[in-house]
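K.L.:
Generate the whole structure from the sequences, applying the supplied hints.
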Amino acid sequence: MVRRIDVTGATGVRLAAWEFGDPPKPDPHSDPHHRSPGVLLLHGLMGRASHWASTARWLSARHRAVALDQRGHGQSEKPPQAFYTREAYVEDAEAALEQLDLAPAVLIGHAMGALTAWQLAAKRPDLVRGLIICDMRASALGAASQREWEDWFKSWPTPFATLADVRKWFGEDDPWVERPNPARGAFYAEVMHECPDGWRPVFEPAQMLKSRETWVYDAHWEELAQVQCPTLVVRGLDGELGRAEAQEMVRVLPHGEYAEVADAGHLVHYDQPESWRTAIEPFLDGVLTR
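Residue numbers (this note's numbering): 0 to 289.
Among the hints, a few may not be true.
Now the in silico label distances, taken between C-beta atoms and shown as ranges [claimed, not checked]:
id	residue 1	residue 2	range
1	T7	P103	20 to 28 Å
2	T288	D262	28 to 36 Å
3	L162	D237	20 to 28 Å
4	T161	P204	40 to 48 Å
Read the hints as simulated data drawn from the structure, not as lab findings.
The structure presented is a predicted model; accordingly, all values stated were derived computationally and were not measured.
Glycine residues also receive a C-beta, built at the ideal position from the N, C-alpha and C atoms.
P.N.:
In C-alpha coordinates:
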(Lines of atoms letter the chains of each structure in order from A; the text may use other names.)
(Lines give C-alpha, C1' and ligand atoms only; values in the text may rest on other atoms or scores of the structure.)
Protein backbone atom coordinates (compact mmCIF):
# COMPACT_ATOMS: atom_id res chain seq x y z
CA MET A 0 0.00 0.00 0.00
CA VAL A 1 1.32 3.40 -0.99
CA ARG A 2 -0.79 6.34 0.10
CA ARG A 3 -0.29 10.03 -0.65
CA ILE A 4 -1.33 12.65 1.91
CA ASP A 5 -1.38 16.32 1.00
CA VAL A 6 0.23 18.75 3.45
CA THR A 7 0.27 22.54 3.40
CA GLY A 8 3.72 23.87 4.17
CA ALA A 9 5.11 27.32 4.89
CA THR A 10 3.70 30.16 2.73
CA GLY A 11 1.00 27.77 1.52
CA VAL A 12 3.31 25.50 -0.49
CA ARG A 13 1.64 22.19 -1.38
CA LEU A 14 3.63 19.19 -0.16
CA ALA A 15 3.20 15.48 -0.82
CA ALA A 16 3.66 13.07 2.09
CA TRP A 17 3.75 9.30 1.59
CA GLU A 18 3.02 6.15 3.57
CA PHE A 19 4.63 3.05 2.03
CA GLY A 20 3.02 0.54 4.35
CA ASP A 21 -0.14 0.20 6.40
CA PRO A 22 0.31 1.55 9.93
CA PRO A 23 0.16 -1.11 12.65
CA LYS A 24 -3.24 -2.19 13.88
CA PRO A 25 -3.97 -1.30 17.50
CA ASP A 26 -3.63 -4.07 20.07
CA PRO A 27 -7.17 -4.93 21.23
CA HIS A 28 -5.83 -5.51 24.75
CA SER A 29 -4.03 -2.16 25.01
CA ASP A 30 -5.25 1.28 25.99
CA PRO A 31 -7.70 2.38 23.23
CA HIS A 32 -6.25 5.88 23.39
CA HIS A 33 -2.69 4.62 22.87
CA ARG A 34 -1.21 5.04 19.40
CA SER A 35 2.07 3.85 17.94
CA PRO A 36 4.82 6.48 17.85
CA GLY A 37 5.22 8.39 14.60
CA VAL A 38 8.29 8.67 12.38
CA LEU A 39 8.90 11.40 9.80
CA LEU A 40 11.50 10.68 7.11
CA LEU A 41 13.23 13.60 5.37
CA HIS A 42 15.26 12.99 2.21
CA GLY A 43 18.36 14.88 1.14
CA LEU A 44 18.99 17.46 -1.56
CA MET A 45 17.72 16.19 -4.94
CA GLY A 46 16.10 13.21 -3.20
CA ARG A 47 12.46 12.29 -2.83
CA ALA A 48 10.23 10.44 -0.40
CA SER A 49 10.42 7.18 -2.38
CA HIS A 50 14.11 6.87 -1.50
CA TRP A 51 12.86 6.00 2.01
CA ALA A 52 10.44 3.27 0.83
CA SER A 53 12.50 0.36 2.15
CA THR A 54 13.04 1.99 5.56
CA ALA A 55 9.41 3.11 5.81
CA ARG A 56 8.09 -0.39 5.06
CA TRP A 57 9.94 -2.13 7.88
CA LEU A 58 9.19 0.73 10.25
CA SER A 59 5.47 0.51 9.48
CA ALA A 60 5.27 -2.94 11.07
CA ARG A 61 5.32 -1.22 14.48
CA HIS A 62 5.10 2.54 13.84
CA ARG A 63 3.37 5.02 11.61
CA ALA A 64 6.13 6.08 9.21
CA VAL A 65 5.60 8.95 6.75
CA ALA A 66 8.11 10.25 4.20
CA LEU A 67 7.84 13.82 2.95
CA ASP A 68 8.62 15.17 -0.51
CA GLN A 69 10.20 18.45 0.55
CA ARG A 70 9.56 21.65 -1.37
CA GLY A 71 11.08 21.61 -4.83
CA HIS A 72 11.40 17.82 -4.76
CA GLY A 73 9.36 14.81 -5.87
CA GLN A 74 5.68 15.60 -6.31
CA SER A 75 5.66 18.60 -3.99
CA GLU A 76 5.25 22.13 -5.28
CA LYS A 77 8.29 23.91 -6.70
CA PRO A 78 7.92 27.58 -5.73
CA PRO A 79 10.19 30.38 -7.00
CA GLN A 80 13.84 30.41 -6.04
CA ALA A 81 13.47 32.91 -3.20
CA PHE A 82 11.50 30.38 -1.13
CA TYR A 83 14.37 27.89 -0.65
CA THR A 84 15.50 28.98 2.80
CA ARG A 85 16.36 26.97 5.89
CA GLU A 86 13.38 28.53 7.67
CA ALA A 87 11.02 27.37 4.93
CA TYR A 88 12.25 23.78 5.00
CA VAL A 89 12.02 23.64 8.81
CA GLU A 90 8.54 25.17 8.85
CA ASP A 91 7.42 22.64 6.23
CA ALA A 92 8.55 19.74 8.41
CA GLU A 93 6.92 21.34 11.44
CA ALA A 94 3.64 21.67 9.52
CA ALA A 95 3.87 18.05 8.37
CA LEU A 96 4.29 16.74 11.93
CA GLU A 97 1.30 18.73 13.14
CA GLN A 98 -1.02 18.07 10.19
CA LEU A 99 -0.20 14.35 10.07
CA ASP A 100 -0.60 14.09 13.87
CA LEU A 101 2.75 12.32 14.25
CA ALA A 102 4.22 14.28 17.15
CA PRO A 103 6.08 13.69 19.32
CA ALA A 104 7.87 11.81 16.55
CA VAL A 105 11.26 10.46 15.66
CA LEU A 106 12.82 12.40 12.80
CA ILE A 107 15.10 10.52 10.41
CA GLY A 108 16.94 12.75 7.98
CA HIS A 109 19.51 12.20 5.26
CA ALA A 110 21.93 15.03 4.37
CA MET A 111 19.84 18.20 3.89
CA GLY A 112 16.89 16.42 5.52
CA ALA A 113 19.05 15.72 8.57
CA LEU A 114 19.89 19.40 8.92
CA THR A 115 16.19 20.25 8.69
CA ALA A 116 15.49 17.61 11.33
CA TRP A 117 17.99 18.86 13.89
CA GLN A 118 16.99 22.48 13.34
CA LEU A 119 13.36 21.52 13.97
CA ALA A 120 14.32 19.49 17.05
CA ALA A 121 16.13 22.57 18.42
CA LYS A 122 13.21 24.86 17.60
CA ARG A 123 10.31 22.61 18.72
CA PRO A 124 11.51 20.02 21.24
CA ASP A 125 7.87 19.27 22.06
CA LEU A 126 7.42 17.77 18.59
CA VAL A 127 10.51 15.53 18.52
CA ARG A 128 11.23 12.53 20.76
CA GLY A 129 14.29 11.27 18.89
CA LEU A 130 16.51 12.11 15.94
CA ILE A 131 18.69 10.24 13.44
CA ILE A 132 21.21 12.28 11.45
CA CYS A 133 22.48 10.45 8.37
CA ASP A 134 25.67 11.72 6.70
CA MET A 135 25.27 15.48 7.19
CA ARG A 136 28.03 17.84 8.30
CA ALA A 137 27.56 20.63 10.85
CA SER A 138 30.45 22.68 9.50
CA ALA A 139 30.24 25.04 6.52
CA LEU A 140 31.42 23.56 3.21
CA GLY A 141 32.81 26.77 1.72
CA ALA A 142 32.30 28.69 -1.51
CA ALA A 143 34.46 26.29 -3.54
CA SER A 144 31.91 23.55 -2.88
CA GLN A 145 29.14 25.62 -4.45
CA ARG A 146 31.26 26.29 -7.55
CA GLU A 147 31.97 22.56 -7.86
CA TRP A 148 28.25 21.81 -7.74
CA GLU A 149 27.47 24.45 -10.36
CA ASP A 150 30.03 22.85 -12.67
CA TRP A 151 28.71 19.38 -11.87
CA PHE A 152 25.14 20.29 -12.84
CA LYS A 153 26.43 21.72 -16.12
CA SER A 154 28.21 18.44 -16.84
CA TRP A 155 24.99 16.40 -16.84
CA PRO A 156 24.27 15.19 -20.40
CA THR A 157 20.58 16.10 -20.20
CA PRO A 158 18.23 15.15 -21.63
CA PHE A 159 18.96 11.48 -21.18
CA ALA A 160 17.53 9.28 -23.93
CA THR A 161 16.46 6.48 -21.57
CA LEU A 162 16.41 5.64 -17.88
CA ALA A 163 19.13 3.09 -18.61
CA ASP A 164 21.30 6.01 -19.73
CA VAL A 165 20.53 7.79 -16.44
CA ARG A 166 21.57 4.74 -14.44
CA LYS A 167 24.77 4.29 -16.43
CA TRP A 168 25.87 7.92 -16.28
CA PHE A 169 25.28 8.42 -12.54
CA GLY A 170 26.41 4.90 -11.68
CA GLU A 171 29.52 4.73 -13.90
CA ASP A 172 30.30 7.70 -16.17
CA ASP A 173 29.82 10.67 -13.83
CA PRO A 174 33.31 12.04 -13.06
CA TRP A 175 32.31 12.20 -9.39
CA VAL A 176 31.99 8.38 -9.32
CA GLU A 177 35.22 6.75 -8.13
CA ARG A 178 34.07 3.21 -8.93
CA PRO A 179 30.89 1.73 -10.47
CA ASN A 180 27.94 2.20 -8.12
CA PRO A 181 24.62 0.77 -9.40
CA ALA A 182 22.78 2.03 -6.30
CA ARG A 183 23.77 5.61 -7.14
CA GLY A 184 22.50 5.14 -10.70
CA ALA A 185 19.18 3.81 -9.39
CA PHE A 186 18.93 6.68 -6.90
CA TYR A 187 19.13 9.30 -9.65
CA ALA A 188 16.84 7.35 -11.96
CA GLU A 189 14.12 7.85 -9.33
CA VAL A 190 14.38 11.64 -9.60
CA MET A 191 13.95 11.81 -13.37
CA HIS A 192 10.76 12.23 -15.36
CA GLU A 193 10.03 11.79 -19.04
CA CYS A 194 9.81 14.97 -21.13
CA PRO A 195 9.15 15.36 -24.87
CA ASP A 196 12.90 15.41 -25.58
CA GLY A 197 13.96 12.71 -23.06
CA TRP A 198 14.51 12.27 -19.32
CA ARG A 199 15.21 15.27 -17.11
CA PRO A 200 15.32 15.82 -13.31
CA VAL A 201 12.05 16.59 -11.54
CA PHE A 202 13.79 19.49 -9.77
CA GLU A 203 15.40 22.69 -11.01
CA PRO A 204 19.18 22.69 -10.49
CA ALA A 205 19.10 26.43 -9.71
CA GLN A 206 16.67 25.77 -6.86
CA MET A 207 18.93 23.02 -5.51
CA LEU A 208 21.90 25.40 -5.52
CA LYS A 209 19.81 27.97 -3.68
CA SER A 210 18.76 25.36 -1.11
CA ARG A 211 22.34 24.35 -0.27
CA GLU A 212 23.64 27.90 0.20
CA THR A 213 22.80 27.83 3.89
CA TRP A 214 25.17 24.97 4.67
CA VAL A 215 27.78 26.02 2.13
CA TYR A 216 28.26 29.38 3.81
CA ASP A 217 26.92 28.75 7.34
CA ALA A 218 27.84 26.27 10.07
CA HIS A 219 25.11 24.73 12.21
CA TRP A 220 26.85 23.64 15.41
CA GLU A 221 24.80 26.00 17.58
CA GLU A 222 21.47 24.42 16.64
CA LEU A 223 23.00 20.97 17.06
CA ALA A 224 23.96 21.80 20.65
CA GLN A 225 20.35 22.84 21.34
CA VAL A 226 18.91 19.40 20.46
CA GLN A 227 17.71 17.87 23.73
CA CYS A 228 16.33 14.54 22.51
CA PRO A 229 18.34 11.31 22.03
CA THR A 230 20.21 11.58 18.72
CA LEU A 231 22.07 9.04 16.59
CA VAL A 232 24.70 10.29 14.12
CA VAL A 233 25.24 7.79 11.30
CA ARG A 234 27.89 7.90 8.60
CA GLY A 235 28.92 5.69 5.72
CA LEU A 236 32.62 4.88 5.80
CA ASP A 237 32.95 6.36 2.30
CA GLY A 238 30.40 9.15 2.85
CA GLU A 239 30.78 12.91 3.03
CA LEU A 240 30.73 13.13 6.84
CA GLY A 241 34.19 12.32 8.18
CA ARG A 242 34.68 10.26 11.33
CA ALA A 243 36.31 13.08 13.29
CA GLU A 244 33.52 15.54 12.56
CA ALA A 245 30.84 12.92 13.23
CA GLN A 246 32.35 12.15 16.63
CA GLU A 247 32.59 15.86 17.41
CA MET A 248 28.89 16.18 16.55
CA VAL A 249 28.14 13.38 19.02
CA ARG A 250 30.19 15.19 21.66
CA VAL A 251 28.34 18.48 21.08
CA LEU A 252 24.91 16.83 21.23
CA PRO A 253 23.56 16.60 24.80
CA HIS A 254 22.42 13.00 24.18
CA GLY A 255 24.40 11.88 21.15
CA GLU A 256 25.28 8.38 19.93
CA TYR A 257 27.35 7.24 16.96
CA ALA A 258 27.12 4.52 14.30
CA GLU A 259 28.99 3.64 11.11
CA VAL A 260 27.86 1.64 8.09
CA ALA A 261 30.62 -0.23 6.25
CA ASP A 262 30.74 -0.37 2.44
CA ALA A 263 28.42 2.63 2.18
CA GLY A 264 28.90 6.04 0.66
CA HIS A 265 26.82 9.17 1.08
CA LEU A 266 23.59 7.36 0.20
CA VAL A 267 23.87 5.17 3.29
CA HIS A 268 20.24 4.04 3.55
CA TYR A 269 20.03 3.44 -0.20
CA ASP A 270 23.49 1.85 -0.65
CA GLN A 271 23.21 -0.67 2.16
CA PRO A 272 19.58 -0.93 3.37
CA GLU A 273 20.12 -4.01 5.55
CA SER A 274 23.26 -2.64 7.22
CA TRP A 275 21.47 0.70 7.66
CA ARG A 276 18.64 -1.08 9.46
CA THR A 277 21.09 -2.94 11.68
CA ALA A 278 22.76 0.36 12.59
CA ILE A 279 19.62 2.29 13.52
CA GLU A 280 17.11 -0.28 14.79
CA PRO A 281 18.52 -0.63 18.33
CA PHE A 282 18.44 3.15 18.76
CA LEU A 283 14.87 3.32 17.44
CA ASP A 284 13.76 0.49 19.73
CA GLY A 285 15.07 2.43 22.70
CA VAL A 286 13.51 5.77 21.72
CA LEU A 287 10.16 4.54 20.39
CA THR A 288 9.38 2.23 23.29
CA ARG A 289 9.96 4.81 26.02
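K.L.:
Mind listing which of the numbered hints don't hold for this structure, in increasing order?
P.N.:
Failing hint: just 4.
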